[in-house]
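Visitor: Those sequence lines, one after another, are chains A, B, C and D. Just so you know, this note's numbering puts 10 at position 10 of the first sequence, and the rest follows in order with no gaps. For this note's numbering, count along the second sequence from 1 and bump the result up by 1000. For this note's numbering, count along the third sequence from 1 and bump the result up by 2000. For this note's numbering, count along the fourth sequence from 1 and bump the result up by 3000.
No lab work stands behind these hints, which were simulated from the structure alone. For every residue, glycine included, the Cβ atom is placed at its ideal position computed from N, Cα and C. Hints may contain errors.
With a Cα cut of at most 20 Å, we get these calculated EDC-like pairs of lysine to aspartate or glutamate [unchecked claim]:
hint, chain 1, residue 1, chain 2, residue 2
1, D, K3055, C, E2273
2, D, K3321, B, D1155
3, C, K2055, D, E3331
4, A, K356, C, D2403
5, C, K2321, A, E123
6, A, K127, B, E1273
7, D, K3127, C, D2155
Anything over 12 Å on all C-beta distances counts as not near chain B; from chain A, calculated [what the hints assert, rightly or not]:
hint, residue
8, Q131
9, E159
10, I353
11, Y399
12, E409
13, D427
There are 4 protein chains.
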Amino acid sequence: MEMDYDISDHPREECGVLGIFAPDESVARMAYFGLFALQHRGQEAAGIAVADGRKIRIHKGVGLVSQVFNPENLSQLHGDYCIGHTRYSTTGSPTVHNAQPYLIETYYGPMAVAHNGNLINAEELRKELLQHGVGLSSTSDTEVITMMLAGAQGDTWEERICSVMPKWRGAYSLVILTRDGVFAIRDPWGFRPLSVGLLPSGGHAVASESGALQTLGCTAIREVHPGEIISLSDSALKVFQAVKPAENLALCTFEHIYFSRPDSIWDGMLVHEVRERLGEALYHQSPIKADIVIPVPDSSIPAAIGYARVSGIPYNVGFIKNRYIGRTFIEPTDSLRKQGVKLKFNVIARNVIGKKVVMIDDSIVRGNTTGALVKLIRDAGAAEIHLRITCPPIKHPCYMGVDMGTYDELIAHNLSVEEIRKQTGSDSLEFMSVENMMKAIGKETGYCNACFTGQYPLAVNHNPLKSGFEG
Amino acid sequence: MEMDYDISDHPREECGVLGIFAPDESVARMAYFGLFALQHRGQEAAGIAVADGRKIRIHKGVGLVSQVFNPENLSQLHGDYCIGHTRYSTTGSPTVHNAQPYLIETYYGPMAVAHNGNLINAEELRKELLQHGVGLSSTSDTEVITMMLAGAQGDTWEERICSVMPKWRGAYSLVILTRDGVFAIRDPWGFRPLSVGLLPSGGHAVASESGALQTLGCTAIREVHPGEIISLSDSALKVFQAVKPAENLALCTFEHIYFSRPDSIWDGMLVHEVRERLGEALYHQSPIKADIVIPVPDSSIPAAIGYARVSGIPYNVGFIKNRYIGRTFIEPTDSLRKQGVKLKFNVIARNVIGKKVVMIDDSIVRGNTTGALVKLIRDAGAAEIHLRITCPPIKHPCYMGVDMGTYDELIAHNLSVEEIRKQTGSDSLEFMSVENMMKAIGKETGYCNACFTGQYPLAVNHNPLKSGFEG
Amino acid sequence: MEMDYDISDHPREECGVLGIFAPDESVARMAYFGLFALQHRGQEAAGIAVADGRKIRIHKGVGLVSQVFNPENLSQLHGDYCIGHTRYSTTGSPTVHNAQPYLIETYYGPMAVAHNGNLINAEELRKELLQHGVGLSSTSDTEVITMMLAGAQGDTWEERICSVMPKWRGAYSLVILTRDGVFAIRDPWGFRPLSVGLLPSGGHAVASESGALQTLGCTAIREVHPGEIISLSDSALKVFQAVKPAENLALCTFEHIYFSRPDSIWDGMLVHEVRERLGEALYHQSPIKADIVIPVPDSSIPAAIGYARVSGIPYNVGFIKNRYIGRTFIEPTDSLRKQGVKLKFNVIARNVIGKKVVMIDDSIVRGNTTGALVKLIRDAGAAEIHLRITCPPIKHPCYMGVDMGTYDELIAHNLSVEEIRKQTGSDSLEFMSVENMMKAIGKETGYCNACFTGQYPLAVNHNPLKSGFEG
Amino acid sequence: MEMDYDISDHPREECGVLGIFAPDESVARMAYFGLFALQHRGQEAAGIAVADGRKIRIHKGVGLVSQVFNPENLSQLHGDYCIGHTRYSTTGSPTVHNAQPYLIETYYGPMAVAHNGNLINAEELRKELLQHGVGLSSTSDTEVITMMLAGAQGDTWEERICSVMPKWRGAYSLVILTRDGVFAIRDPWGFRPLSVGLLPSGGHAVASESGALQTLGCTAIREVHPGEIISLSDSALKVFQAVKPAENLALCTFEHIYFSRPDSIWDGMLVHEVRERLGEALYHQSPIKADIVIPVPDSSIPAAIGYARVSGIPYNVGFIKNRYIGRTFIEPTDSLRKQGVKLKFNVIARNVIGKKVVMIDDSIVRGNTTGALVKLIRDAGAAEIHLRITCPPIKHPCYMGVDMGTYDELIAHNLSVEEIRKQTGSDSLEFMSVENMMKAIGKETGYCNACFTGQYPLAVNHNPLKSGFEG
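One chain only, chain A, in its complex shape:
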């Protein structure tokens, strides 16, 4: 049995994508460093494909960016056009087979695709392709997207992309590489982020998060708009509104809550700042007197800072996180097992002993770690522990490219807030309300809150069929 000490109780993002056009630059090396800045969005596989005007060359593999690439394989990726991908795989063991970008030859030349998101009508589209005689080598919706592009009608890639885009229902932030072009595409609902910026050397880069563009030194960063295709193949960007933006946009709230880097921009807002405001709102929703505010590191730090600021309660460190412990096949001994998360977190006892502690966390998904964290603080001598969560209870799965877990797994689907409080062992538990969350974000609409509310922006099938196939 594999013990996963690394991934705490969080939803799992499925991918990060990146695209670069930079003449006279080593785009593969730029992509390599850019992917490091997207590593948090997927740590199980990585890949880079590069085009030089004639050919596309690719290297991808299982593991972290630093494990997949070395000077040898990177040096063979010549060219001015490039896309890259980091992947989190939701099922089974990670294999190179599922690593992206996905590269094929088409009638119009070679093409590579990298994808963040999930098509909810992939099964239908898949069946159409199979019926048309197209064999598929995986169960991935990215292959469906790729094969549809290969069979699309139109004289240019722009036309061909435009001709199939309307058939795709769901979340897709895509980068497409052709032999002499890079395209960035975002679905009309705007589910997942995608930003574009100007490189210091004169080309352009596109990435899932603006934080990765900042790493590459980009300026003039802006988000790709819902329904847009942006072509990076020239000194100036070419922008097409391929599909009209959806009437009801559906940006993922969880990018604010947890996924995105704090230094990224999402929906025009700095994520760090939104999180500070979420912390402030948490206090205002349910004011309390306490001695210290501590975050669960690292994602809750800005919210805890915000909470401390408006409440006047001092901010300090409560947990020390062991950054080296990750996945391991070693089972702890019985006496260690009883200590639960202590293997990953130690407590600064002096900061909590005898105190009323406000403990800020970003979310409770499966509910399998919060209780152990509360117990750590309790055992260290805290007088009271008041748990504050920067998002509402998560009651519904996500079908837009995030592995939240199933209904069976989601604790808030199965237990009331009071039951959850009891299970965590905290003295009080407060989830952010949907209304206050949106107020803190500063928007009333335009976001997908389906995981909180069950109101999916697109009709979803809760029981998709599985093909008898382990490609």
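Let chain A serve as the given structure and place chains B, C and D on it in line with the hints.
Guide: Positioned in the frame of chain A, the structure of chains B, C and D alone reads:
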């Protein structure tokens, strides 16, 4: 620079294939041991796919069979139906991307294909697929075969295979796995071998060479006939004559000369015995008096035994081959470099000193090692060295799945026999004539001798286009 | 050229050690998890040795704890007695040869040793051993210690340890494993930390840092006193004062500044708390008005919190650290190179734009990264940047087991504070004074401040000889 | 359970050694290629140590020579002096810890040692060292040798070697590297081979077998005499008779029978030729009429050639050996298990069907494979099978560096010849007699035949103690 001490001056076979249906047996483990017996046909990648009536599972990788498989990955391959593959890759570095079997999902369910041979009209077929909107992820003709099967018309796999087989021109010994069946297919010209046999446990197995079936304990072994489809999905074999055998069969003579294991049957003949007869014929073609007959190990041993028998000249060992030296990135020192093949071969000097030596080799392809072997014998003190080759001069490339080298590389395309003799430093050099070779084999027609004669059984294109694609 | 993005401008600790006696427990697995909590003290090799009353078994290797151990090798380490080690190697490439524990057989049975520290008279002791006819397989002082123990006089291990301890001059926190015992030893000057605690299951554990004992669930934690030997072989600890504590203790101040985990106790004080006080003292030493206090993550966070508290200047996040980028052989492109540390750090621009920023760092050693960090903040729009360092200028190398760098490398040995300020590009630069630092720590004496003052507690040889030996 | 398909029923040699002095040459690369020629003597670990006049550098590891070395590690081994080693480990899993050469620093500078053989008084010598206060890091007698050299008296290495050599009882062919010298040493009984030769480039090389010297292009090859020390540090060899040769020399007969390469010289004789004579003698010892003589490949080929020559019975190939199958953790299926060695050997049925077959093998040790080979021939249709073994029954273990197995394992210790015949299923079985074997070799005395006769040349302890130590 990689120094290849392992592959001497021989053509390189491209693949070995294998299929098994064995109810109540661990077919993956059987395939594993069967692939060892086909390892000589491909040492760069290996794969096994298994079906259990519903799903197909696959494992493949770069390296020898013993490197690709372990108890863990093998134990996950459940089922009664199985195909396997060993691969020699002709171009570039070997990657898992090109390893076979090739597995896809089709409208009719999952399907895996493994292939030995080469389609000479792959480029045309490829273009048709691309035009139909099918994206291709490699430049391999096996993917072309697979995608054509995915798009084929017909109610059963037999019908679908029959519907596309007539379009395939060239060499193909194929095994196809579906969720509940294994098919073995041989092209109507009969280029490459394929045999089928009865397993001790009651099922059947098919393999590129009968020697591998012998390893699995098979009895009732027979060759798959040109143009046949054999279905292994039941207790009794089902045999279809899918395409009429070609009027002029074109079995590869080089399977007799070098490729096949000596314990395999090719065209109804034991290869070891054919090689003995080739040795006998070599003596009769040009009788000579000498003191000792030595083979270049290992492939020329039976021919040297035959030569010794009819000539009355004693057979003995001349060369000791180092079985451990293979490919290495270590360059020899200058003084070692001068010794050439000595790193791979030592001489039993006592057996050649002061003697007239007949040295038997199976073929001279690029001509880059024979001279060094002659020099080793000469330096050990041989009085005369008479080189005898069991096949005619190789003057033309092969387009049927064998990497013979290009016109530029083939020494006999560029030099006369006398020039080759001089270059090798031998006192006499005799190639087997085409006529004597066929007489020794015992057939006048039915074989492809294109590499000797340039008379290709099918029209070939000497300059195929390359797509701008490094999938 | 290897680019090291991971290790910023910090001294490098050389080792962490750990020992466990726990009857009826899987001590190897406990050690495995304990070593994770010491991983920050050495990331290049790790090892565990276990004794079962008769034999000692060992496994060690190059890499992180998670890379060196797996269920197979760990399951073979049976027994109740155990020691472990994490290593940072100062010279050359890391090899398993230098990994610890160091295991030998002696006349008194098997013995393994793991060491944190450095003997300054190792060269003399080494020569004595060689002269006595003992061959040495490495240049490590740990082997010298081990061989001296093998040749020591006395009836018990305690006696033998006591007989050689007086000859050792320098820093040594040692754990020693025999076939039925674990000993913990700390040098009489107390250079490096070592703590012992009671395990929940009834045995005892010893570790370089109390934070690791906390991870193992220990209670009743106390530091091993200078000159003590503690035996863990029984239900109660046995404590010997083997050597009288030095008149002038010499605890390493840098354990407070940087090395130790914030949740560890050093000299009776919680390191996190000392760092908060250092931050407070930094403000009091040179008060300033500013808009925001930011730490250089992670080690400066507590000091920044302390600074913010006493100054009233708001604390916030300035840098986002990329936790995935580490060592790589990939060179950045030219345009990336110009950005320096941006690959490892991004800035939260909103928090600094137009502001007077106080930036807290723990130390400046070689001075190769601070300037780039200042520039990141400057480029993000900060109005003024006031750099505050929680320790004095480092002007002298360490010979007690820490790789500070040589005189040539130490920026403060070569430049004045004003010159360093200019080079970093900051608007003001303030190092903590030695006096204020000691006041914040709360002690006047008992610490080694040689790296700041050049006053070494023991006479050191700045130019040790090297043997002609690369074992 | 690991299934070993590679090592058939043979004793296992424990090591090959090699030494080179070659000014102005890349000695490490020469050693690399030389070790390939000694790979058959040890396939579990390999190492090379090189000295440049000042330092010794070493690289060693677990695996084949081709796996342990690469251009990077080899290029770091600078210098003119070199020793190398290939190792077969008799117990436990192979680890780098036990790989040789063994390198230490001594009072006289660095020294590395590689060893083929076994000291029978190692346990006593070990105790003396431990008592002297020397810690030992392994249970290997090579470390004992090395540490004794480190503590030896004398002004030069020659003197020091001479001072300890008389204490060593047993088999040792040693190569010793100092910072500016290479020494080759052979025990006074001459148990194991060691030869020296002149390199084409002017230096000298020493190796366990002359076949390896031939690979390096050596001329003027001669064996190192029993009791000799040869120094390779200069343009001319320096030879010392360190210890008088034993009155009764004890050369290992098994080097003729099986261990040595056929192209090596042992006791002045070409091994291939001795094996031919052993085949001849086998026929003369018990003449028989038969239709075909077949060897068990590869070691019995020369004996079968000799047998065929004097008997007039035709020689031919009976078994085809699979060269790829080796060690594997994959268990065969039940139906495969019944076929036993068929996984490693196929039969050329045509050569044996209906025939009286003489099958030549070099030895029967544990008796676990011969029966399966006989059955293969029987199942292929042989009329009669007459097994002929080129050595006498092996009834006693070897204590001189060969893993023959224990009394319990040795089939001839436990069964009569007739019982062995029955168990193998052969129609007749004839072992070579000791007298005829020695006659074929051409010597009456001077050999160790203890494994056949139980008359050990030195008194041995059949039950050595084991220390409680797994270094």
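Visitor: Mind verifying the non-interface call on A/D427? Its CB should be farther than 12 Å from each CB in chain B.
Guide: holds (47 Å)
Visitor: Once the closest CB in chain B is found, is it more than 12 Å from A/I353?
Guide: Fine: 48 Å to the nearest Cβ keeps A/I353 off the interface.
Visitor: Is the nearest Cβ of chain B still more than 12 Å from the Cβ of A/Y399?
Guide: holds (22 Å)
Visitor: Hinted pair, alpha-carbon criterion (20 Å max): C/K2055, D/E3331. Please report holds or violated.
Guide: With Cα atoms ~33 Å apart, C/K2055 and D/E3331 exceed 20 Å; violated.
Visitor: Does the alpha-carbon distance linking D/K3055 and C/E2273 stay inside the 20 Å limit?
Guide: Violated. D/K3055 to C/E2273 sits at ~49 Å, over the 20 Å cutoff.
Visitor: Check the hint pairing C/K2321 with A/E123 against an upper bound of 20 Å on the C-alpha distance.
Guide: violated (40 Å)
Visitor: Would the non-interface assignment of A/E409 survive a Cβ cutoff of 12 Å against chain B?
Guide: holds (25 Å)
Visitor: Has the given pair, A/K356 with C/D2403, been kept, meaning a C-alpha gap of at most 20 Å?
Guide: violated (42 Å)
Visitor: Checking one constraint from the list: CA of A/K127 to CA of B/E1273, max 20 Å. Satisfied?
Guide: violated (54 Å)
Visitor: Check the non-interface label on A/Q131: least C-beta distance to chain B beyond 12 Å or not.
Guide: violated (5 Å)
Visitor: Would you check the hint for D/K3321 and B/D1155, treating anything up to 20 Å between C-alpha atoms as holding?
Guide: violated (45 Å)
Visitor: Is the Cβ of A/E159 more than 12 Å away from each Cβ in chain B?
Guide: Fine: 15 Å to the nearest Cβ keeps A/E159 off the interface.
Hints 1, 2, 3, 4, 5, 6 and 8 from the earlier list are contradicted by this structure; the remaining hints agree with it.
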